[in-house]
Each structure stands twice: as C-alpha cells, then as structure tokens.
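Could you build the full structure based on these sequences and the hints that come with them?
One letter stands for each residue in the lines below.
Number of protein chains: 2
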Amino acid sequence: MLEIERKFLVISTQLPDLDSWENHEIQQGYLMVEPDKSLRIRIKGKKGFLTIKLGSNALIREEFEYEIPVEDARSLLTKCGATLHKMRYDLIFEGKHWEVDVFKGNLEGLILAEIELSDVGELFINPPWLGKEVTEDPKYLNVNLIKV
Amino acid sequence: MLEIERKFLVISTQLPDLDSWENHEIQQGYLMVEPDKSLRIRIKGKKGFLTIKLGSNALIREEFEYEIPVEDARSLLTKCGATLHKMRYDLIFEGKHWEVDVFKGNLEGLILAEIELSDVGELFINPPWLGKEVTEDPKYLNVNLIKV
Chain Z
82 MLEIERKFLV ISTQLPDLDS WENHEIQQGY LMVEPDKSLR IRIKGKKGFL
132 TIKLGSNALI REEFEYEIPV EDARSLLTKC GATLHKMRYD LIFEGKHWEV
182 DVFKGNLEGL ILAEIELSDV GELFINPPWL GKEVTEDPKY LNVNLIKV
Chain F
82 MLEIERKFLV ISTQLPDLDS WENHEIQQGY LMVEPDKSLR IRIKGKKGFL
132 TIKLGSNALI REEFEYEIPV EDARSLLTKC GATLHKMRYD LIFEGKHWEV
182 DVFKGNLEGL ILAEIELSDV GELFINPPWL GKEVTEDPKY LNVNLIKV
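Top to bottom, those sequences are chains Z and F. Numbered continuously in the working numbering, the first sequence closes out at residue 229. Numbered continuously in the working numbering, the second sequence closes out at residue 229.
Hints are not guaranteed to be accurate.
Note that the list lumps identical chains together, so a pair holds whenever it fits in one copy or between two copies.
Simulated crosslink set (BS3-like; lysine-lysine; CA at most 30 Å straight-line) [to be verified]:
hint : residue 1 : residue 2
1    : K213      : K228
2    : K128      : K118
3    : K228      : K118
4    : K160      : K118
5    : K128      : K160
6    : K160      : K213
7    : K125      : K213
8    : K127      : K213
9    : K160      : K177
Hints listed in this document are in silico derivations from the structure and should not be mistaken for laboratory results.
In structure tokens:
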C-alpha cells in the first residue's frame, strides 16, 4: 500500500492536553535496513506488527504491514539492536487525523506530528501547535532517530 | 521458532513417482539478505508467506513465518530481484516427513530433500533415493542458489 505522509516538528507549549486523546505506547526497532527498504518490528499497546517499507522518498513510500503475535514481536525486537520508545497520540484537528509522537528515553523532548494524506496535494489546516515541516529531512526518519 | 533441518542431494533415478504425493508450486525471493538474517517472500500454491530467518548456522535457524495476502507476496516478489521456482513434494518415508524440492528454470536438474528434526540427534532411516548430505554447504542454501 502506498503511504503519503508529511511530518512536522511540534510546538509543545501549544499542544492541547494529550492525555484526553487515544494513545498507545510504541516500542520499535529495525531488523534490517537498506537505503531503500527496511523491516520494522513494532509493539503498539498489546499488539505486535511487522512492517516492510520500500522506497527512499520520505513523502511517498510503499508499506506492507502485518500484525504478528506480540511474543514474536518481543523476540524479534531483541534482535534489532537499538530500539526506540514513544507514546503515540491520535488527534483530530479540523477533520484530519494527526499522529503525535512523544519520544522517550534518549530522545526525550522530541515530539513529531504526522499526517497521512490520500494524495500529495491534499490540503489541511495547520493546527496551532504545528512547527517546521521535516518530511524531507532524513534525520527525522525513525530509522535514523534510533541511531541517536 | 527454532528450525532444525538437514538437507541432502537426491538420487533421482531412485525416486518413487512424485506425482502421487502432495505437491505445491513454489516461487520465492529474498527482499533483504544479511549474513545472519534474511527476509524471504514466497508464494506456495495459492498462498503468500513472509519468512524471517535468523542465524548463520544452516542446521539450526530461528524462523518466523507469517501468511500474507498472495497479492502482497506477488507485489513484494517483484522487488526481490532474482527469484527461484520449484515444485515441492511432501513424501513420507518410514514415518518421517521429507520435503523434496525439484527446481525449475536455470536450476532445472537440481533436486534437494529436507527433513525437519525435533532435535539435532534425532535418528531417521535414509530413503533409498537419499544422496550426499549438504546441510553445511552454503551453496545449497536457497538464498545462494538464487544467485546461480
């Protein structure tokens, strides 16, 4: 499935109370990484997922995601070397769904927001807490953040 | 899941009539390969599978296999570069299950048999068509055969 995603920094002082929104704890790592493909292992809440991401364009990537038993995900995460840990909040703003990721551990302090679009030109209203766009900045790819 | 497998060449003149055994067409490729891990995409009959193999010991490897939609497998196979094509026959000999793989395409003529064991010391009776053991010979790993 083709995923079109734009990613932004977040002005945390402008954020609403996040705890009133649906949220999940996420732990993830990458079992294999090549310049144009990666195999991600994720535990989100109580569920395990395996995701193949294809393509080197951060805006548009092909993604194949499958739920797997959470014990498998736990076991595979131990093979990933570094992992990252974040809380994901699902916010609705002006009819659009935003994923706000509040990073933990050595990335504490970093907050990123993502919006998934149905086409690259899709318009949306910027929430007041939206900071600089970092879609094309490779250092904000989770696969690179994990190396920090 | 830990997989203990031994692999052998096959003396084709000694084989019984294969078509009387359960069989499936297999097409597979590797989306990512590292020395100690690989991500295999397989179509077996009408089903798609994704398999993570971990470990560099050919006799004992950790394997995580998931069924995925066959259309996904078809799409992912196109990203694998080389693929291989074989017929797999499931034979029972003296109470043990053997997988006999008859390769197609540029590997035509190659036939390999595999037995999965519950421990490395498990005994079995050699079928009359069993040739030299190649478990430890890396050139008979499917991931390497694909490069032929």
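Which numbered conditions among the earlier hints are violated in the structure presented, ordered from lowest to highest?
-> 6, 8 and 9
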